Structure formats: structure tokens, C-alpha cells
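Enquirer: Read top to bottom, the protein sequences are chains A and B. Okay, so the first sequence: first residue is 1 according to our numbering, each after it adds one. Okay, so the second sequence: first residue is 1 according to our numbering, each after it adds one.
By construction, these hints were calculated from the structure, which means they are not laboratory data. Check the hints yourself; a few may be wrong.
DMTMM-like, lysine to aspartate or glutamate: derived pairs with alpha carbons at most 20 Å apart [claimed, not checked]:
#1 K282(A) to E259(B)
#2 K167(A) to E2(A)
#3 K129(A) to E259(B)
#4 K273(B) to E244(A)
#5 K248(B) to D208(A)
#6 K251(A) to D231(B)
#7 K248(B) to E133(A)
#8 K204(A) to E41(B)
#9 K280(B) to E103(A)
#10 K251(B) to E265(A)
#11 K251(B) to E255(A)
#12 K280(B) to E133(A)
#13 K269(A) to E244(B)
#14 K251(A) to E211(B)
#15 K251(B) to E267(B)
#16 K248(B) to E211(A)
#17 K280(A) to E133(B)
#18 K144(B) to E215(A)
#19 K287(A) to E267(B)
#20 K204(A) to E281(B)
#21 K282(A) to E244(B)
#22 K162(A) to D53(A)
#23 K204(B) to E211(A)
#24 K89(A) to D154(A)
#25 K287(A) to E244(B)
#26 K278(A) to D208(B)
#27 K129(A) to E103(B)
#28 K282(A) to E103(B)
#29 K152(B) to E103(B)
#30 K280(A) to D231(B)
#31 K266(A) to E103(B)
#32 K204(B) to E259(A)
#33 K282(B) to E244(A)
#34 K254(B) to E44(A)
#35 K282(A) to E267(B)
#36 K171(A) to E211(B)
#37 K280(A) to E244(B)
Bear in mind the structure is a predicted one, so any value in this text is a computation, not a measurement.
Spelled out, the chains give:
There are 2 protein chains.
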Amino acid sequence: MEWEFNEICIVGLGLIGGSFALNLKLKGFPGRITAVDINPEAIEKGIELEIIDRGSIKHSIAINADLIVLATPVGVYESVLKQVKPHIKEGCIVTDLGSVKGELVKRCEEILEGVAPFVGGHPIAGTEKSGVENSVENLFANAKFILTPTEKTDPKAKEKIKKLWEKLGSKVIEMDPYHHDRVFAAVSHLPHVVAYSIVNAIGKLSEDTGENLFEFTGGGFRDFTRIAMSDPIMWRDICIGNRENILKSIKRFKEALTEVERLIEKEDKEGLKEFFQKAKEKRSFIK
Amino acid sequence: MEWEFNEICIVGLGLIGGSFALNLKLKGFPGRITAVDINPEAIEKGIELEIIDRGSIKHSIAINADLIVLATPVGVYESVLKQVKPHIKEGCIVTDLGSVKGELVKRCEEILEGVAPFVGGHPIAGTEKSGVENSVENLFANAKFILTPTEKTDPKAKEKIKKLWEKLGSKVIEMDPYHHDRVFAAVSHLPHVVAYSIVNAIGKLSEDTGENLFEFTGGGFRDFTRIAMSDPIMWRDICIGNRENILKSIKRFKEALTEVERLIEKEDKEGLKEFFQKAKEKRSFIK
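Given these sequences and hints, build the entire structure.
Expert: As C-alpha cells, then:
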């Protein structure tokens, strides 16, 4: 199977963009990889680590790319696309690695209309770290990659993006962009919001008890709150970008929390056991 | 340093009791380890795995023990103590491995008054699994062990328990039993209640969207909800036993959650960034 692209330009060289570049190299991608980042240090590190071949703080570096990959926080997609648009060459495809789809895919398609086909994508992989220097080998291997085509999506462009991710070892799943946002509001965005909230709550409880409660946490807590180390800007943008679905998920979660709170208040032993048992069974679905 | 005990009897041979026995053996404890469990299969497995020397479903097996260790769910401590009490020999010390202290320590002291000194303890270690067959080597090494003496606690008995845990590699910290319950309501009990709740919420959201959302979870979610696989009976008993502190922690958590919910509703970018940034900084305290 041939590689479909000669030059790939990554816009936003953080952990995800960097891991994408790193794994292309590791899989033997023979073409050139370039990057744009507002932070010149990210570009320098990327070159130093031999993850990218060239980079710039200017979007004009995308001029020879036949694939442009948005890997910035989702809140700046529109501004980034407007800056890169004058430099997109004919035949170039634009895709992304962001956690929000829905309306945002539609906006990207509108901005790029008549210039380049846009194919929305979301790799279900990452770590709580940030920065190109934390790029991870095999990050996308055996992970799901959600492709979110619309009725406007160019079928050939979609096929090329699909093949590219399969080369990185991902399992590609197609999903409607709006449905994507409902699904990931529940299984990804809600857990992050909850993890950040519990850490802040324990900050408050530390003030209540007059000591640093974080000193008494064990391994369970460490795993439970690891995702609260994730990049605040990235998560701010996701919360704004998928606002309505996240609010719905929070609502459902508050209902569950209120249910268990009532059971504890009433000292309802049977009810508590059932509540925990039900969760344990559902969670057992995940290995 | 000598071992202070000749025969140790563990009441409740699950993951924690089993790991305690296993690590005593691994550290070269030369005495006999016995166990009581209502489930004869747990005893059989414990013997088969060479974790214990003898066991029974009857509490009378504790008759020669000079240390009795409660490792059952905290909800049955009183009933267990009443059953074992007639068999406690002179000079024997009673301790425990439970996650609730406070009033429960007082009750244990009352039940054992004139029979044996009670020393409350709580190893800050565990896994989401259950059962003696899942006992973990070095589970307590480099982990905190919280010793919760009261004004009634026998100083010699306390010292012996302290030394025992230091032999297992734990860092022993003394804490007032009531303070213990406030601290662990925040850093352990709240996260468990939240993890169970989020899994149940995603169960509801799966019904809302008409598909099994657990299929789309990634590594972050897996870590985040691992503790929701913990034993429902154990956690039911902890929630009842530390009811008031857990309810206070839930209240604080709900406040934090409502704060972030309002920020999302208002699309307050600066506020969201600050909320996430604050949590990230606090969480960075834990390595």
C-alpha cells in the first residue's frame, strides 16, 4: 500500500500533532513533514527530535502540502483556516485531530468551500501531558479513529484519510459529526470536567480541614484524577465547542450523584449496594 | 528487629486480608497465620496459595492468636467482634484494616473493653479487584498506613502494630480517628462515589443515545473509572459508616461541578481556563 501524500503539514505541534508526525516517521512515511506553530520553540523541538522536517510560525509553510492537519485547540480552527487558506495548493486535503465535530465540521467546510475538501477526524488516544516533547510512540496503534464525514465530504479524500490512519494502526469508525459530539460529551468530555471539579473540590476541602489533603491520596485517586492534568486551553475550547452536549451529560451525571446522595442520606443499604453493583457491571464491559 | 507475634488471625480473607497475609509470609514472618471467613472457598484458596496456614468458617480458630486483624467490610465489625470475643486469649491485640475509623473505633473499643486492646489502622493501598486470589505482592510497601489511636489506646499495643506495618514497608502516620474520616471522605470515599455515579450516568446516556457508549471509551476513561470496579458491599459499608463526612464531601464537589457548569453555560472562556488551570496545578502536587 502506497502513501497517498508527499508532504504533510501539521498546524499546531503539541502532543497530538507531534505524536501524529512521530508515528508517520516510525511507519516509514517517505514524504516531508512540516509544521506550523505560534510558538517557535515547539518548532525547534520538533526539528531537534527529528519528528518534523521543517517548520515555521508562518502558515505559508503549508504551500507545498497535499495534506494539512489541524492539531490546535478547537477554539482556533476558524482563525487558523483563514490564515492557511491563501496558501493551500490545488488537490490538497484538510483534516483535523480535534475532539469536537458537529457544527465545527460544518464551519470548516464552509471556510474551505471551493478551496479544499475537509475531512473531520478524531483519534481516541492521548495522554494528560502536553507538548511535542511528550509525543508518544504507537499512540494511535489499536486505538479508535473516528472519521466524521458529511454529505459534502469528498469520497476520495475520505478514503485517503481512512487509509492513512489504518497505516498508523488505528481502527477507523465512521460517525455522523453531531452524533460524535453526543457520544464524546458522555465518555470523554464529562469525565474531564468531573476530574477537574473533584480536584478543585478537594482543594476546598483542604481549606475546610486546614491541611493539604492531596498528601493522603493513594493510587486510586492518582489514576482517577490523572486527566485533570490535561491542557486547560484544550479543554476550555472543547467545553465551549461542545457546550450543549456537555451540559446534558453533566445533568445526567448530577442526577446519578443525587441518587447516591439520597441513598447515603437515607442509609439505604440495599439501594446503595444495587447502585454500586450496577456500575460495577457496566464498567466491567471495558477491559 | 524481632516479630512481636506468634500467631496472627485474619478475619475476612479478601484482597486486603489476603495481601496482608501474603506480605507477612514474603517478609519472613515465622509464626502461624490463620483466617476466618464466612466463605469456605476463600479459606481453601488461601491455604492452596500458601498465604495462610489454617482457616475456618468458625471464629474459634482465633483462640491461639496474639493478634487478630479485622479485614471484613466495616459494616460487620460489631457482629464479628461479638463472635470472636469469647475466643480471644489473654495478651491478644485486635487491629483492623478498614477505611472507616471515627465512631467505629470507639465502638470496637467498647465491645473489647476488658478483653483486649484495640488499635485502629488503615493501609492506604488496594486495587479495584476482590478476593484472596487477587492478593498483591508488596501492596503495602511505600504506602501510607494510618494508625488511629485514641486516649484509650494501649501504648505498647500501638507500638507493636506500628512496627508490624513498618516491616511490611509502610510509612506509618498517626491520626485522630475522626480526623481520619474527614480526610478519607474527601480523598478516597468521594472519588469512589463519583466514579460509580459517572458510570451509571453513562449507562443512562447510553439509553438516551440508543447505543452502548462504553464502546467508545479510551484510556483516560478506563483509568478514571477503574475504581468503579471495587466491591459494592465494601463501599456500601463505607458510605454508611462515614455517612456525614461523605455527604459533606459530595456537597463540596457539587458546588465545584455547578461552578464549572455555570462557566460552560455562560461560555466564560477566561473562567473555564482558570478553573481547569487551578485543578491542574493542585493535581500536579501528586506525582
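Enquirer: For each hint, tell me whether it holds in the structure or not.
Expert: Against the structure, the hints come out as follows:
Of the pairs offered as hints, the one joining K282(A) and E259(B) is violated, with about 29 Å between alpha carbons and a cut-off of 20 Å exceeded. At roughly 10 Å between alpha-carbon atoms, K167(A) and E2(A) fall within 20 Å of each other, so this suggested pair holds. With a C-alpha separation of about 25 Å, the suggested pairing of K129(A) with E259(B) is violated against the 20 Å cut-off. Pair hint K273(B) plus E244(A) holds up; C-alpha atoms about 18 Å apart against a cutoff of 20 Å.
Proposed proximity of K248(B) and D208(A) is supported: the alpha carbons are some 11 Å apart, at most 20 Å. Taking the CA atoms of K251(A) and D231(B), the gap is about 27 Å. The hint is violated against a cut of 20 Å. With a C-alpha separation of about 41 Å, the suggested pairing of K248(B) with E133(A) is violated against the 20 Å cut-off. For the hint pairing K204(A) with E41(B), the CA-to-CA distance comes to about 45 Å; that exceeds 20 Å, so the pair is violated.
Between K280(B) and E103(A) the CA atoms are separated by roughly 29 Å; this puts the pair beyond 20 Å, and the hint is violated. In summary, the hint linking K251(B) to E265(A) is supported, as the alpha carbons are separated by about 12 Å, within the 20 Å threshold. Only pairs whose Cα atoms come within 20 Å are accepted, and K251(B) paired with E255(A) is accepted, the gap being roughly 14 Å. Using a Cα cut-off of 20 Å, the hinted pair K280(B) and E133(A) holds, with the two alpha carbons roughly 19 Å apart.
Between the alpha carbons of K269(A) and E244(B) the distance comes to roughly 15 Å, so the proposed pair stays at or under 20 Å and holds. A distance of roughly 19 Å separates the Cα atoms of K251(A) and E211(B); the hinted pair therefore holds under the 20 Å criterion. With a C-alpha separation of about 24 Å, the suggested pairing of K251(B) with E267(B) is violated against the 20 Å cut-off. Taking the CA atoms of K248(B) and E211(A), the gap is near 16 Å; set against the 20 Å cutoff, the hint holds.
About 19 Å separates the Cα atoms of K280(A) and E133(B), which keeps this hinted pair within 20 Å; it holds. Taking the CA atoms of K144(B) and E215(A), the gap is near 10 Å; set against the 20 Å cutoff, the hint holds. For the proposed pair K287(A) and E267(B), the alpha carbon gap of about 36 Å is over 20 Å, so the pair is violated. A distance of roughly 14 Å separates the Cα atoms of K204(A) and E281(B); the hinted pair therefore holds under the 20 Å criterion.
For the hint linking K282(A) to E244(B), the alpha-carbon distance of about 28 Å lies beyond 20 Å, and the restraint is violated. For the given pair, K162(A) sits about 24 Å from D53(A) by alpha-carbon distance, which is inconsistent with the 20 Å threshold. Only pairs whose Cα atoms come within 20 Å are accepted, and K204(B) paired with E211(A) is rejected, the gap being roughly 37 Å. Distance hint between K89(A) and D154(A) is fulfilled; the C-alpha atoms sit about 17 Å from each other, no more than 20 Å.
Restraint check for K287(A) and E244(B): the C-alpha separation of about 34 Å exceeds 20 Å, so the hint is violated. Taking the CA atoms of K278(A) and D208(B), the gap is about 17 Å. The hint holds against a cut of 20 Å. A threshold of 20 Å between alpha carbons decides the hint, and for K129(A) with E103(B) the separation of about 42 Å lies outside it, so the pair is violated. Taking the CA atoms of K282(A) and E103(B), the gap is about 34 Å. The hint is violated against a cut of 20 Å.
A hinted pair counts as satisfied when its Cα atoms are at most 20 Å apart, and K152(B) with E103(B) qualifies at roughly 13 Å. Between the alpha carbons of K280(A) and D231(B) the distance comes to roughly 8 Å, so the proposed pair stays at or under 20 Å and holds. With a C-alpha separation of about 19 Å, the suggested pair K266(A) and E103(B) falls inside the 20 Å cut-off, and the hint holds. Distance restraint check for K204(B) and E259(A): the Cα-Cα separation of roughly 13 Å lies within the 20 Å cut-off, and the hinted pair is therefore satisfied.
Distance hint between K282(B) and E244(A) is unfulfilled; the C-alpha atoms sit about 28 Å from each other, more than 20 Å. Note on K254(B) and E44(A): the hinted pairing is violated, with a Cα-Cα distance of about 43 Å set against a maximum of 20 Å. Only pairs whose Cα atoms come within 20 Å are accepted, and K282(A) paired with E267(B) is rejected, the gap being roughly 33 Å. Restraint check: the Cα-Cα separation between K171(A) and E211(B) comes to about 19 Å, which is no more than 20 Å; the hinted pair holds.
Between K280(A) and E244(B) the CA atoms are separated by roughly 24 Å; this puts the pair beyond 20 Å, and the hint is violated.
Figure legend: structure checked against the earlier numbered hints; hints not met, in rising order: 1, 3, 6, 7, 8, 9, 15, 19, 21, 22, 23, 25, 27, 28, 33, 34, 35 and 37.
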